[in-house]
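First to last, the sequence lines map onto chains X and G. With the first letter of the first sequence counted as 1, position 133 gets the number 133 in the numbering used here; the numbers rise by one all the way through. With the first letter of the second sequence counted as 1, position 283 gets the number 283 in the numbering used here; the numbers rise by one all the way through.
Simulated from the structure, these hints should not be mistaken for lab results. Mixed in with the good hints there might be a few duds.
Note: identical chains are not told apart, hence a pair may lie in one copy or across any two.
Straight-line alpha carbon distances no greater than 35 Å define the calculated DSBU-like cross-link-like pairs of lysine-lysine that follow [to be verified]:
#1 K40 x K123
#2 K35 x K364
#3 K13 x K265
#4 K265 x K237
#5 K229 x K265
#6 K153 x K229
#7 K123 x K364
#8 K237 x K153
#9 K229 x K35
Okay, here's what each chain looks like letter by letter:
2 protein chains.
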Amino acid sequence: MRNVYVTGIGMTKFGILPDMNLREIGETAVWAALKDAGLKPSDIGVAYCGYAVSGHIYDQELVMGHTCLRELGIKEIPILRVEQACNSGGFAVREAFLAIQSGFYDVALAFGLEKMFGRGTQKAVDALSKGLDTELYAEYGLTPGATFGLISKRHMYDYGTTVEQMAMVSVKNRRHAALNPRAQFQKELTIEGVLTAPMIAEPVTLPMCCPITDGGAAAILVSEDFLRKRNCRKPVKILASVGASGSPSWTYKLSSHENYAISSKLGYEMAGLGPNDIDVAAVHEPCAIMEIMTYEGLGFCPMGEGGRFVESGASSLGGRLPVNTDGGTLSRGHAIAATGVAQIGEIVTQMRGEAGPRQVEGAKIGLQHCVGGYQMGDACGSTLHILERSSEI
Amino acid sequence: MRNVYVTGIGMTKFGILPDMNLREIGETAVWAALKDAGLKPSDIGVAYCGYAVSGHIYDQELVMGHTCLRELGIKEIPILRVEQACNSGGFAVREAFLAIQSGFYDVALAFGLEKMFGRGTQKAVDALSKGLDTELYAEYGLTPGATFGLISKRHMYDYGTTVEQMAMVSVKNRRHAALNPRAQFQKELTIEGVLTAPMIAEPVTLPMCCPITDGGAAAILVSEDFLRKRNCRKPVKILASVGASGSPSWTYKLSSHENYAISSKLGYEMAGLGPNDIDVAAVHEPCAIMEIMTYEGLGFCPMGEGGRFVESGASSLGGRLPVNTDGGTLSRGHAIAATGVAQIGEIVTQMRGEAGPRQVEGAKIGLQHCVGGYQMGDACGSTLHILERSSEI
């Protein structure tokens with residue numbers, strides 16, 4: 001195995017970006033990553049573009065990666081779009097990692113972009129419902145929101161999780177987002193405010209759901225050979241990069257943790273570490289209950305203890321294992337295919353000690369986890385990365 | 001570099017498949033490849049699903065790969081959709097190759113599927129127009145058909161290529177397809193018939209354009225270690241697997257060969273071979289002129305000699321370098337994201353000596369090339385594979 005590092009990260013602000021078209025969102029994120037890395041467009045050997053729902057919204061389904069990179073002068077190299085629903089960005093990073101591992105490339109670009117506003121909310125919601133197997137779910141009204149309602153109810157039934165604990169996830173992530181100028185939402189929430197907000201699908205209220213978001217994010221991965229030769233800026237080492245699918249079953253249980261279990265087992269084994277070694281984590285919570293399930297699935301706390309984990313303050317800044325220091329999907333925003341790459345960006349920022357008021361003191365090991373799609377009781381797929389602060393910083 | 005082999009191939013019939021939904025098309029192709037390889041679903045370590053236009057047509061944009069593989073019991077492994085317009089299938093094979101090269105996997109599945117009929121021809125044509133940068137082309141009426149008309153005119157102007165020579169590509173590929181029971185069209189054409197057929201965009205007539213097609217194709221790639229351990233069936237060695245993009249430019253020339261030049265240089269270097277070593281080729285001709293340009297771009301003949309190459313019979317069965325022995329995109333059909341994988345299937349079939357009446361006698365080296373998307377005078381991207389008949393056969 002080759003040693004692989006992240007040396008450049010970039011992102012647009014997440015939120016409503018009426019002045020940027022799809023191409024400009026991608027260009028801006030990639031250009032920022034190139035500048036951050038101190039590399040030229042011609043240094044890039046291969047590029048993976050995460051892109052999931054905006055094709056449906058803006059009628060530009062195909063070759064979006066080529067379109068974004070053309071004006072930056074990135075050409076001749078393989079440019080491939082990857083899609084795994086909400087986790088398209090996580091898989092863009094994973095494919096970049098594998099491409100370097102293959103020995104054929106030394107510098108790989110992973111980026112993701114979406115523009116979800118501008119054609120009406122209904123169009124965006126339509127696009128999102130494609131993340132569930134249409135035949136099994138969407139046609140019966142099981143949109144993502146409705147599914148999260150059922151999952152929340154099941155978790156409450158199985159483990160005694162409370163709606164207040166779910167609200168605490170929303171409040172915590174908004175508090176973190178208030179410290180992140182690139183986050184979509186910065187105004188703090190209260191538990192009372194979350195619980196009395198409009199109901200989406202009982203017991204899930206509006207602030208327990210992620211928003212619709214425009215945004216792009218990019219990361220540049222390099223081999224150790226390239227790192228040494230070019231003296232790259234503030235490299236962060238990738239200790240583990242894994243991908244997995246769930247284990248859908250006709251006898252399904254709505255709140256399955258199997259996808260988390262598979263990817264975290266692979267990831268911890270690859271890194272030679274366990275959940276107690278993680279100093280900071282970026283995980284995917286399109287709904288508050290998902291963050292609680294992720295604590296459990298990744299072993300941050302015992303099964304069923306996720307609600308109490310957030311209540312204890314363990315996952316808050318200042319706690320034992322701060323989670324979603326950038327505000328997470330709920331408050332940084334969820335520009336679908338950009339999310340996984342933005343998570344990597346936050347962990348790299350934390351490893352570099354450059355997170356400013358949201359910095360986790362002394363953080364040396366960070367974890368990124370993202371899931372995408374949903375069918376038959378389990379997320380369709382997931383990626384997990386474990387990053388390490390390197391001695392060069 | 002590890003040695004990688006193709007050991008299983010499968011495809012549906014290409015054409016109009018009203019009795020199969022999208023999931024069944026994918027399942028059928030993958031199941032056929034598993035049976036062909038003599039492998040079990042649990043042998044697969046990673047899967048890449050090419051899928052380009054059917055999401056737009058059938059409103060199932062996301063997680064199609066997971067949906068296809070679920071009922072076959074392929075789960076827990078990474079399943080990723082890849083898209084590079086018409087070349088999504090070629091890149092699925094390339095990513096499978098890179099995944100094995102990474103050392104993390106020994107068995108990788110590449111498959112592609114589309115269902116383009118069933119929601120009306122206009123819906124399919126709309127979806128196809130997304131393969132061109134919408135801002136630059138589609139909004140000005142430069143659909144794929146119109147673009148091919150302009151490219152044909154330019155090639156005629158530059159090199160003296162004739163419409164009769166273009167018609168010969170259509171006639172030849174239909175003659176080959178008549179020997180392929182899985183091809184969409186089997187009724188032979190005449191040059192007169194092609195020239196007097198309805199005009200699409202001068203000088204391109206209907207039989208010079210590929211049809212709209214339903215279909216799926218799959219290929220299973222394995223490492224040499226796995227091959228030896230499991231005594232895999234009729235393996236065909238991959239000598240080269242490369243990907244590239246074109247070099248779009250504002251000062252563009254409509255009939256650029258740059259994408260072909262880049263991928264063939266990389267591919268021939270990797271294989272240590274040249275165009276004279278190729279015994280049979282599967283190339284992408286969504287329009288007849290593209291096959292003529294491919295002869296030139298891949299060095300099968302000198303630049304500008306493509307029209308005379310087909311006229312000489314060199315690219316026909318029985319000629320010096322038979323091209324598109326399965327009928328090609330024009331007559332096998334173009335189930336967009338399945339095409340690149342079906343091309344690999346045809347070359348594997350030829351290398352195994354199992355192509356029946358369309359077998360190229362003594363073929364030892366075969367080449368696959370596919371391009372996808374179009375912007376500013378060049379195809380967006382391309383993949384090229386060179387395969388070798390192995391001594392095990």
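Okay, the hints, checked on the actual structure:
Proximity of K40 to K123 under the C-alpha cut-off of 35 Å is found in neither arrangement, the shortest distances being 37 Å within a copy and 41 Å between copies. Only within a single protomer do K35 and K364 lie at most 35 Å apart by alpha-carbon distance; the minimum there is 24 Å, versus 48 Å between protomers. In the homo-oligomer, the alpha carbons of K13 and K265 lie at most 35 Å apart inside one protomer (33 Å), although the nearest pairing across protomers, at 41 Å, exceeds that limit. Taking identical chains as interchangeable, the C-alpha atoms of K265 and K237 lie at most 35 Å apart whether they share a chain (19 Å) or sit on different chains (34 Å).
Both within a single protomer and between protomers do K229 and K265 lie at most 35 Å apart by alpha-carbon distance, with minima of 34 Å and 27 Å respectively. Taking the shortest Cα distances, K153 and K229 never come within 35 Å of each other, neither inside one copy (54 Å) nor across copies (48 Å). Taking identical chains as interchangeable, the C-alpha atoms of K123 and K364 are never at most 35 Å apart, the minima being 42 Å within one chain and 52 Å between chains. For a Cα distance limit of 35 Å, the shortest separation of K237 from K153 qualifies neither inside one copy, at 39 Å, nor across copies, at 53 Å.
In the homo-oligomer, the alpha carbons of K229 and K35 lie at most 35 Å apart inside one protomer (18 Å), although the nearest pairing across protomers, at 47 Å, exceeds that limit.
Of the numbered hints given earlier, the model fails hints 1, 6, 7, 8; all others are met.
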